[in-house]
Amino acid sequence: MAATEELANGTLVLLSPEETKTLMDRGEALIIDVRNPDEFANGHIKGSLLHPLRQLDPRKIPEEADKKIVLLCAVGIRSKIAAETMFAAGRHPIAHLDGGLSAWIEAGLPLA
0 MAATEELANG TLVLLSPEET KTLMDRGEAL IIDVRNPDEF ANGHIKGSLL
50 HPLRQLDPRK IPEEADKKIV LLCAVGIRSK IAAETMFAAG RHPIAHLDGG
100 LSAWIEAGLP LA
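Per numbering that gives the first Met the number 0, residue 0 is the first one in the sequence shown, and the count goes up by one each step.
Simulated from the structure, these hints should not be mistaken for laboratory data. Glycine residues also receive a C-beta, built at the ideal position from the N, C-alpha and C atoms. Hints are not guaranteed to be accurate.
[As the list claims (entries may be wrong)] What follows is a set of in silico ranges between Cβ atoms, one per label pair, in the way DEER data are often shown:
(1) 88 / 13: 31 to 41 Å
(2) 40 / 5: 26 to 36 Å
(3) 1 / 74: 10 to 20 Å
(4) 10 / 40: 25 to 35 Å
Full structure from sequences and hints, please.
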């Protein structure tokens, strides 16, 4: 079972790179990358959607009942801020890739 962290507006699910990859392989994850466009262009998780934190609008994140929203950034700081924005807009549950893309790369997982 994934760890959780209590934030001001909700409970954030913390996923390891391996847990995130498993959800993706099952078609159960909607990966939202909140990094800047230039960071995204330099490497991202295949199938992830770019929604930079500065322009993040929870209403523009697709609602797919069968998929968990998984936020990610470079190391996990911006994705926690994005989670607060999502929670404040009534979007639950939300998960994030603990350690961000850095943890994904460290785990030896592929980039697009």
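Status of each hint after checking the structure:
Distance hint check for residue 88 and residue 13: the Cβ-Cβ separation is about 20 Å, which falls outside the suggested range of 31 to 41 Å. A C-beta distance of roughly 34 Å is found between residue 40 and residue 5, which places it inside the suggested range of 26 to 36 Å. Taken as a hint, the range 10 to 20 Å holds for the pair residue 1 and residue 74, whose Cβ atoms sit roughly 18 Å apart. The beta-carbon spacing between residue 10 and residue 40, approximately 32 Å, falls within the hinted interval of 25 to 35 Å.
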